[in-house]
Amino acid sequence: MIHYSSKIIGIFCSVPLLFLSTFSYGQDIASRPNLLQQLDGIWTMSGDVRGKPVTYSLEAKPSLLGAFTELRMQDIEIPAKYAANVYIGYDHATKALIVHWMDSFGAKYSIPHGTGGLKENMLQFTFPYKGGTFRDTFTFDPEGGYWTFVLESQQPDGGWKHFAKYKVVRNISGRN
Numbered sequence: 001m002i003h004y005s006s007k008i009i010g011i012f013c014s015v016p017l018l019f020l021s022t023f024s025y026g027q028d029i030a031s032r033p034n035l036l037q038q039l040d041g042i043w044t045m046s047g048d049v050r051g052k053p054v055t056y057s058l059e060a061k062p063s064l065l066g067a068f069t070e071l072r073m074q075d076i077e078i079p080a081k082y083a084a085n086v087y088i089g090y091d092h093a094t095k096a097l098i099v100h101w102m103d104s105f106g107a108k109y110s111i112p113h114g115t116g117g118l119k120e121n122m123l124q125f126t127f128p129y130k131g132g133t134f135r136d137t138f139t140f141d142p143e144g145g146y147w148t149f150v151l152e153s154q155q156p157d158g159g160w161k162h163f164a165k166y167k168v169v170r171n172i173s174g175r176n
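All residue numbers for the sequence shown refer to full-length UniProt numbering, where the first residue is 1 and numbers rise by one.
These are computed hints drawn from the structure, not numbers from a lab. Do not rely on the hints blindly, as some may be mistaken.
[Said to hold, decoys possible] Simulated pairs of lysine to any residue, SDA-like, Cα-Cα distance not exceeding 25 Å: (1) Lys119 / Gly144; (2) Lys52 / Lys95; (3) Lys61 / Lys165; (4) Lys52 / Ile76; (5) Lys167 / Lys130; (6) Lys61 / Tyr87; (7) Lys81 / Lys119; (8) Lys167 / Asp103; (9) Lys95 / Pro128; (10) Lys161 / His100; (11) Lys108 / Thr133; (12) Lys81 / Tyr129; (13) Lys167 / Ser153; (14) Lys81 / Ser57; (15) Lys167 / Ser104; (16) Lys167 / Glu152; (17) Lys167 / Asp75; (18) Lys52 / Arg135; (19) Lys130 / Ile76; (20) Lys52 / Phe163; (21) Lys108 / Arg50; (22) Lys165 / Phe105.
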């Protein structure tokens with residue numbers, strides 16, 4: 001009887017500890033850096049991909065209980081020719097960005113994830129793809145309230161070549 005009672009007491013004592021550890025862990029992941037919060041909203045992306053003009057609609061918001069900032073972009077052509085969901089997370093322990101880019105090119109191109117960091121008004125991360133590394137730089141202009149996204153591919157000599165550039169402007173209407 002004593003052995004049975006001590007098991008029950010042990011279970012009742014450990015359950016609250018489980019909830020407390022889960023709660024404190026959840027508090028940490030939900031705090032997105034201010035710069036990531038500046039992405040939240042509905043935007044229009046205008047620019048070029050490999051020199052060809054493009055326009056995308058973009059919606060950015062907290063996702064997965066605030067652990068990530070989710071970007072949903074799609075070109076405005078009917079039917080759309082490109083769409084992407086991008087998840088940007090921030091690891092407070094290592095001060096690193098961890099980015100998952102999934103797009104309409106398929107699962108094969110969603111590997112590997114990107115890593116990088118943030119500095120003042122800039123997010124920068126790289127994706128070490130088999131065919132070559134890509135570097136994305138997202139810069140926020142706090143006075144103008146817009147972003148500039150620059151995507152580059154690394155060349156064999158180590159330099160960077162233009163792949164795409166967008167000016168990202170908030171939609172006043174709040175609609176795509």
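A quick look at each hint next to the structure:
no., hint, result
1, Lys119 / Gly144, "18 Å, holds"
2, Lys52 / Lys95, "35 Å, violated"
3, Lys61 / Lys165, "22 Å, holds"
4, Lys52 / Ile76, "14 Å, holds"
5, Lys167 / Lys130, "28 Å, violated"
6, Lys61 / Tyr87, "10 Å, holds"
7, Lys81 / Lys119, "33 Å, violated"
8, Lys167 / Asp103, "20 Å, holds"
9, Lys95 / Pro128, "19 Å, holds"
10, Lys161 / His100, "22 Å, holds"
11, Lys108 / Thr133, "15 Å, holds"
12, Lys81 / Tyr129, "22 Å, holds"
13, Lys167 / Ser153, "19 Å, holds"
14, Lys81 / Ser57, "13 Å, holds"
15, Lys167 / Ser104, "22 Å, holds"
16, Lys167 / Glu152, "15 Å, holds"
17, Lys167 / Asp75, "14 Å, holds"
18, Lys52 / Arg135, "19 Å, holds"
19, Lys130 / Ile76, "30 Å, violated"
20, Lys52 / Phe163, "10 Å, holds"
21, Lys108 / Arg50, "21 Å, holds"
22, Lys165 / Phe105, "19 Å, holds"
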